[in-house]
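> Sequence:
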Amino acid sequence: MTDEVGRTRGGRESRAHGSARRELVNVDKIPNRAKGKKVVVAGSSQAQEEEPQDEYEEQMEVTTEPGLKEQQQEDDLSDFFDFGDEEEEEEEDQQVEAQAEPQPQPPQREKKIREQHKEETHHVPVKPKFQVTLVCKTKYLRCMNNGKKINDFTLPKSDLHWFWDVVKASGLRPLLKTNYNNLDWGLLTAFTERWHPETGTFHLPIGEVTITLDDVSCLLHIPITGKMLNHLGTSCTTEEGEDMCREYLNFPRTKCRAEFKKMKGAHIGFPMLEKICAANLRRALKVEEEEEEEEEEVVQNYRDCTIRAFLLYLIGGTIFTNKSMQYVDVIFLTYLQDLSLVNTWNWGASGLPYLYHYLEKATKPRCGNHGGYNCMFQAWIYEHFKRFGGGWAGEKYSHRDPICAKYLPLKGYKYPDDHRTTLDRMEVDEVTFRPYEDHRHIRPFEDICWYSGWIMCGSAMICPYLPECVLRQFGHVQTIPRHPDESAKAGLNRFIIGEAFANYLVENYVTEEMRGPRAQNGFETVPGYIAWFYRVSHPKLWPPIEGNPARPANLEVLIEEDNAADKQDVFKICRTVIEEPVATYSLPVKRKRDSSEGGKKRKKKKKKSGEEGPSN
1 MTDEVGRTRG GRESRAHGSA RRELVNVDKI PNRAKGKKVV VAGSSQAQEE
51 EPQDEYEEQM EVTTEPGLKE QQQEDDLSDF FDFGDEEEEE EEDQQVEAQA
101 EPQPQPPQRE KKIREQHKEE THHVPVKPKF QVTLVCKTKY LRCMNNGKKI
151 NDFTLPKSDL HWFWDVVKAS GLRPLLKTNY NNLDWGLLTA FTERWHPETG
201 TFHLPIGEVT ITLDDVSCLL HIPITGKMLN HLGTSCTTEE GEDMCREYLN
251 FPRTKCRAEF KKMKGAHIGF PMLEKICAAN LRRALKVEEE EEEEEEEVVQ
301 NYRDCTIRAF LLYLIGGTIF TNKSMQYVDV IFLTYLQDLS LVNTWNWGAS
351 GLPYLYHYLE KATKPRCGNH GGYNCMFQAW IYEHFKRFGG GWAGEKYSHR
401 DPICAKYLPL KGYKYPDDHR TTLDRMEVDE VTFRPYEDHR HIRPFEDICW
451 YSGWIMCGSA MICPYLPECV LRQFGHVQTI PRHPDESAKA GLNRFIIGEA
501 FANYLVENYV TEEMRGPRAQ NGFETVPGYI AWFYRVSHPK LWPPIEGNPA
551 RPANLEVLIE EDNAADKQDV FKICRTVIEE PVATYSLPVK RKRDSSEGGK
601 KRKKKKKKSG EEGPSN
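FYI, the numbering for the sequence shown is 1 to 616, going by UniProt numbering.
Quick caveat, the hints were computed from the structure, so don't treat them as lab data. Incorrect hints may appear among the rest.
[Said to hold, decoys possible] Derived pair list, reagent style DSSO-like, types lysine-lysine, alpha-carbon separation capped at 27 Å: (1) K364 with K414; (2) K157 with K139; (3) K227 with K157; (4) K411 with K364; (5) K177 with K406; (6) K168 with K261; (7) K414 with K361; (8) K227 with K139; (9) K386 with K414; (10) K139 with K540; (11) K177 with K148; (12) K261 with K177; (13) K396 with K168; (14) K411 with K148; (15) K139 with K489; (16) K489 with K168; (17) K227 with K411; (18) K489 with K361; (19) K286 with K262; (20) K364 with K168.
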C-alpha cells in the first residue's frame with residue numbers, strides 16, 4: 001500500500017490523499033462551494049464540541065414555552081390569522097440572504113485585494129477642488145415614500161359604516177388621497193441642502209421660506225390643534241409592544257415576538273400589519289353573518305382592532321415615514337387606544353417636526369436617505385414655486401379635497417445639479433408666498449399658526465418653529481427677525497413644551513406689532529433685510545462665474561428695438577461734450593447814491609442856471 005503512495009522531494013511519503021490530509025485542508029468541502037456556510041468535518045474536535053449544543057437548545061425551548069392558558073388563547077387567535085404565506089416569505093428571505101453573503105476568501109487573497117485597491121485609489125492624484133465639485137454633482141438623497149403601499153391597500157367596502165364613520169371622525173381619512181407613487185429625488189435634494197435646523201427654514205437667495213402649520217392644514221386637511229404627541233424616545237420596549245399588540249390588535253404574542261425579532265425592535269412590518277387588519281375584519285364580518293350569540297364586547301373588540309390596525313398603517317405610511325420604509329413603530333399605538341379621542345391629538349403639529357427632524361439629518365455629509373412625509377414636501381414645492389411644475393393634474397381632484405391630491409408627479413431626475421442652479425438664480429417674483437387664498441373657504445386660516453417656539457413628536461424629535469422668519473408667507477412685510485433663542489428657549493422638556501403650545505397666547509406668540517404692515521405685492525421686505533440676510537447666511541451654493549458677465553441671449557433684439565425707438569445713449573452724448581474756456585471782463589461798477597445826494601446836485605444846477613440867465 002505504501003508503494004502506491006507518491007514521494008516528496010525529501011523522500012517522505014506523500015499524504016496528499018490521506019484522511020488526515022483531507023481533515024487538515026478540507027478538500028471535500030471547499031468553502032467556495034459551501035456558499036459561505038461554515039463546514040464541520042465529521043469526527044473532528046469541533047464537531048464533537050458542537051454536538052451536545054442541540055440538547056441544550058432543546059432544554060431552553062422547553063423552558064421558554066408560555067403557560068398553558070396563554071398558549072390556548074394564542075391558539076384561538078391564530079385560528080383566524082392567515083399566516084401561511086409568512087413561512088414561505090421567511091424561507092425566501094433566508095435564501096436571498098444566503099446568496100447575498102460574501103464568500104470567504106483566504107487571507108492571502110484578501111491581502112492582495114487590499115493592496116490592489118490601494119494602488120488603484122492612490123495611483124492618480126485628484127485635486128481637492130475637483131473632488132469636492134464631483135461629489136456635489138453626484139450626491140443625491142434617496143427620498144423614502146410609502147405612497148404606493150397606501151394607494152394599493154385593499155380598503156373595506158364603502159357601506160361598512162362602523163368602519164368609515166370612525167376613520168372619518170379621527171380626522172386622518174384625507175391622508176388616503178395625498179400620496180404619490182413617484183417622487184423627484186433631485187428636486188427634494190436641492191431644497192434639503194438649503195435647510196438650516198437653527199431656524200427651521202430654507203435659505204434661498206430671496207430670503208427664508210419654510211413649511212408652516214398652515215401649509216400642513218391646507219395640503220393634508222388634518223388637525224393642527226390639540227395636544228402634540230409626547231411619548232418618550234422613538235420606540236417602546238419589546239415587552240410593552242407585545243402587551244399593546246395583544247390587547248389593541250389581537251396579535252398573538254408568539255407571532256408578535258417573532259415579528260419584533262425580524263424587525264429588530266418594537267416594530268411591525270407593513271405586510272404583517274395589513275394581515276392583522278384583514279384578519280380582524282374577516283373575523284368581525286364572519287360573526288355578523290353567522291349571527292352567533294356572542295357578547296357585544298367581543299364583536300366590538302374585533303371592529304376596534306381592525307380600525308386601529310388600519311390607522312396605524314395609515315399614519316406609519318404617511319406622516320410618520322421612517323428611513324427604513326419597512327415598518328411602523330408600535331409606540332404610535334398608544335394614541336389609538338381610545339378611538340373616540342384620536343381626533344384630539346395634534347397629528348399635523350407632530351408630523352411637521354417629524355419631517356423637520358429628517359431634514360436636519362439629511363444635511364449631514366454622510367446621510368444618504370431622507371425620511372418624513374416627502375409627498376407633502378414635494379406638493380409644498382409645487383404650490384410655492386410654480387417654476388418646477390406640478391406633474392400631471394389629477395382628474396378626480398375636487399376643490400374640497402386636500403391640495404396635495406391635486407398633483408400626480410412623474411419620476412424625476414435623481415441628481416440635483418440643475419435644480420441647484422435654478423435656485424441660485426431665483427428672483428423674488430418667482431415665488432408664490434400665499435398660494436392658498438382660493439382655498440380659504442375650505443380650510444380657513446387658524447390663529448395657532450402664529451405660535452412661535454418648539455414643536456415636537458415625542459421627546460426625541462423637538463424642532464423650532466419660527467413664523468417671524470417667514471412673515472411674507474402670512475401676508476406681511478418681512479422684517480429682520482429676532483434671535484431664535486428668544487423664541488425657542490433652550491432647556492425645555494416635553495411637558496413644558498406641551499404647556500407652552502397649549503397656552504400659546506400667553507407668551508409664545510407673534511404679536512401684531514411684530515408682524516408689521518401688510519404686504520401689497522406679497523414679497524416686500526424692509527430696507528436692509530436682504531443685506532442682513534446675506535451677511536448671516538450663504539443662500540447660494542454654486543460659486544460665482546469667473547470672468548465677464550454672460551452675454552444676453554436676446555442682445556440683437558434689444559439693439560433693434562432701441563434703434564427703432566430712436567433712443568440715444570446718454571453716456572455717448574456726455575462723452576462728446578467739450579469744456580471751452582469762458583472769457584471774463586472786469587467792468588467798473590457804479591456806486592448807487594442815496595436820494596439825498598441826488599437832490600443836492602439838482603439844487604446846485606438850478607442855481608447855476610439862474611445866475612447865467614440875467615447876464616444875457
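> Please go over all the hints and tell whether each is borne out by the structure.
Outcome of the hint check:
1. K364 with K414: It holds: about 18 Å lies between the C-alpha atoms, which stays within 27 Å.
2. K157 with K139: Distance ~45 Å between K157 and K139 Cα, so the pair is violated.
3. K227 with K157: 32 Å, violated
4. K411 with K364: 25 Å, holds
5. K177 with K406: Judged against 27 Å, a Cα distance of about 9 Å means the pair holds.
6. K168 with K261: 34 Å, violated
7. K414 with K361: 19 Å, holds
8. K227 with K139: Violated: K227 and K139 sit about 38 Å apart, past 27 Å.
9. K386 with K414: Answer holds: K386 to K414 is near 20 Å, not above 27 Å.
10. K139 with K540: 17 Å, holds
11. K177 with K148: Holds. K177 to K148 sits at ~11 Å (cutoff 27 Å).
12. K261 with K177: With a Cα-Cα distance of about 33 Å, the restraint between K261 and K177 is violated, given a limit of 27 Å.
13. K396 with K168: This hinted pair holds, its Cα atoms lying about 20 Å apart.
14. K411 with K148: 13 Å, holds
15. K139 with K489: Roughly 35 Å separates the two Cα atoms, so the pair is violated.
16. K489 with K168: 37 Å, violated
17. K227 with K411: 37 Å, violated
18. K489 with K361: With a Cα-Cα distance of about 21 Å, the restraint between K489 and K361 holds, given a limit of 27 Å.
19. K286 with K262: It is violated: about 31 Å lies between the C-alpha atoms, which goes past 27 Å.
20. K364 with K168: Judged against 27 Å, a Cα distance of about 39 Å means the pair is violated.
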